[in-house]
Amino acid sequence: MGFPDASKDLSSEMEVDAFRRLFPLKYFERHLAEAIRPDGRPLGKARDTTVVLGAVASANGSALVKIGSTTMLTAIKMEVMTPSLESPDEGCIAIDFHMPPICSPIVRPGRPAEAAPVISKQLSDTISSSGSIDLKELSLVTGKAAWMAYLDVYCLDADGALFDAALLSAVAALSHLQIPAVAMNDDGKIVLLSEDDGQKKAQEPVNKEKRNLTLRSIPFSLTCILHKNYILVDPTAEEESVMETVVTIALDTSGQLVSLYKPGGPVLAFTSAIQDCVALTRQRVKELKGILEEANSTMQVE
Amino acid sequence: MEIERPDGRSPNQLRPLACSRSILHRAHGSATWSQGDTKVVAAVYGPKAGTRKNENPEKASFEVVWKPKTGQIGKAEREYEMILKRTLESICIRSIYPNTTTSVIVQACFSLNPSFPPFSFLLVVHDDGALLPCAINAACAALVDAGIPLRHLAVAICCSVADNGYIFLDPNKQEEEVCIYTHTHTHSADV
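Residue numbers (full-length UniProt numbering), protein chains in the order written: chain X, 1 to 302; chain A, 1 to 191.
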């Protein structure tokens, strides 16, 4: 179906932008045949990534991440709550992903985007199953008080590979998180310690000073598009809309597979394709680890 | 070494499968699929004229509604809807009816015990593990029942990896909660 020959004739007469809009698949395939993409990247290269920690001053931990044009802002707010009966010595992390209308012309105000709850669930599954956070660290008083961390990821610009950027910003915010110092007052309630307060009842280490969360192996991910025999790394929104088979692989810093996600799509997932994707993800994990460490060390200098 | 599963199955053994079609009279196509105690009903309505706003009008589009077991539609339901939509889009021949929408509604339901009165059907929480593959199989059977043109049939199976590295096929709810990894695999077989 379609007009296979008409586009060949028209391509020499039409303007590039018109050809891109009318025959998007042919436009991309012409580029793929030369092993390059419209924005000049080779197939296996991801876009420029930047991480800025502490973007939201009023939050306990925050990060702003850009992968190409895709921008994600994460902020973490901590509250004290009573732990559940099944796990009295564990805190809790609630992860939520929002796609406000600012991020894309496809998202209308009042109607939540289709991708938002899916990515939200993927994020919380990936972070909890990677085992990078020990919830027992969020405990204050066993059975009575524990930290609840509300982690909100806001998409400010949706230009493809949303899950990668969201995961990176969530992980960056967690690495920047500073748990506030608290003490228990005479009524048995937990209060925030301010600079000059006299000590009431002393607590565990949390009391003394702010501390960071220890992250064990950190998960990073990479999204690839499979199209015929090509594997395109880190797609833009345009590429994602034209070529439908998307594979997302999350590895942690110790090289273990955290998740592999391929929701449908016309291209079948042969073992060789998956193995190539995993190899590309491994390289990307090294890059992202370097970027995150650099961002952390810049914060510490300040 | 024989690994003991709580219900006595071997690692590669599936639970008893059952499928029936045309169970709903108003729907254009319908099917139920059960794997052990997990039972899912799928209904297909369509193709109906018109596509939704962001869909490509040159192809037939699919809309999946996953009815939750209890309470409001949450994130897990939205994720299943998306996965089912993308899977069904890849098996159907979408160029035959452009600018149409086919709705697939999926509902987990209670497996009928033969001793229960016949009208105690419907809606109560029953999901005994492997819900997503059951839904994919049921949706595919419902599409066949509705006569929607398909390129392939989709077959889905779930397997879980336990702590000791053993792989079990078709886990039930108890096994799913205990294992470290559950994988749903869909394979298309040429019709």
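It should be emphasised that the hints constitute simulated quantities derived from the structure, not laboratory data.
Bear in mind that the values here come from a model prediction, so they are computed numbers and not experimental data.
Ideal Cβ placement from N, Cα and C applies to all residues, glycine included.
Incorrect hints may have been included.
Estimated spans, in silico, between C-beta atoms of each pair [what the hints assert, rightly or not]: (1) Ser95/A to Pro100/X: 27 to 37 Å; (2) Val144/A to Arg211/X: 35 to 45 Å; (3) Gly44/X to Gly74/A: 28 to 38 Å; (4) Lys48/A to Asn212/X: 50 to 60 Å.
A short, non-exhaustive set of chain X residues, derived as facing chain A with CB atoms under 8 Å [stated by the list, open to error]: (5) Ile106; (6) Glu114; (7) Lys121.
BS3-like mimics (lysine-lysine), calculated; alpha carbons at most 25 Å apart, straight line [said to hold, decoys possible]: (8) Lys48/A to Lys59/A; (9) Lys85/A to Lys121/X; (10) Lys53/A to Lys67/A; (11) Lys75/A to Lys26/X; (12) Lys75/A to Lys77/X; (13) Lys77/X to Lys26/X; (14) Lys53/A to Lys26/X; (15) Lys173/A to Lys228/X; (16) Lys121/X to Lys67/A; (17) Lys121/X to Lys75/A; (18) Lys77/X to Lys45/X; (19) Lys228/X to Lys75/A; (20) Lys121/X to Lys48/A; (21) Lys228/X to Lys26/X; (22) Lys67/A to Lys85/A; (23) Lys45/X to Lys189/X.
Structure-based check of each hint:
1. Ser95/A to Pro100/X: 27 to 37 Å: 35 Å, holds
2. Val144/A to Arg211/X: 35 to 45 Å: Hint violated: Cβ distance 59 Å, outside 35 to 45 Å.
3. Gly44/X to Gly74/A: 28 to 38 Å: 37 Å, holds
4. Lys48/A to Asn212/X: 50 to 60 Å: 55 Å, holds
5. Ile106: 6 Å, holds
6. Glu114: 7 Å, holds
7. Lys121: 4 Å, holds
8. Lys48/A to Lys59/A: 13 Å, holds
9. Lys85/A to Lys121/X: Distance of about 17 Å is within 25 Å: holds.
10. Lys53/A to Lys67/A: Measuring from Cα to Cα gives roughly 23 Å; hence the hint holds.
11. Lys75/A to Lys26/X: Roughly 36 Å between the alpha carbons, so the hint for Lys75/A and Lys26/X is violated.
12. Lys75/A to Lys77/X: Roughly 22 Å separates the two Cα atoms, so the pair holds.
13. Lys77/X to Lys26/X: 47 Å, violated
14. Lys53/A to Lys26/X: 24 Å, holds
15. Lys173/A to Lys228/X: Roughly 37 Å separates the two Cα atoms, so the pair is violated.
16. Lys121/X to Lys67/A: 17 Å, holds
17. Lys121/X to Lys75/A: Status holds; Cα separation ~6 Å.
18. Lys77/X to Lys45/X: Distance ~35 Å between Lys77/X and Lys45/X Cα, so the pair is violated.
19. Lys228/X to Lys75/A: Distance of about 32 Å is beyond 25 Å: violated.
20. Lys121/X to Lys48/A: Violated - the C-alpha atoms of Lys48/A and Lys121/X are around 31 Å apart, more than 25 Å.
21. Lys228/X to Lys26/X: 13 Å, holds
22. Lys67/A to Lys85/A: With Cα atoms ~14 Å apart, Lys67/A and Lys85/A stay inside 25 Å; holds.
23. Lys45/X to Lys189/X: The given pair, whose Cα atoms are some 52 Å apart, is violated under the 25 Å limit.
Of the numbered hints stated above, those contradicted by the structure are hints 2, 11, 13, 15, 18, 19, 20, 23, listed in ascending order.
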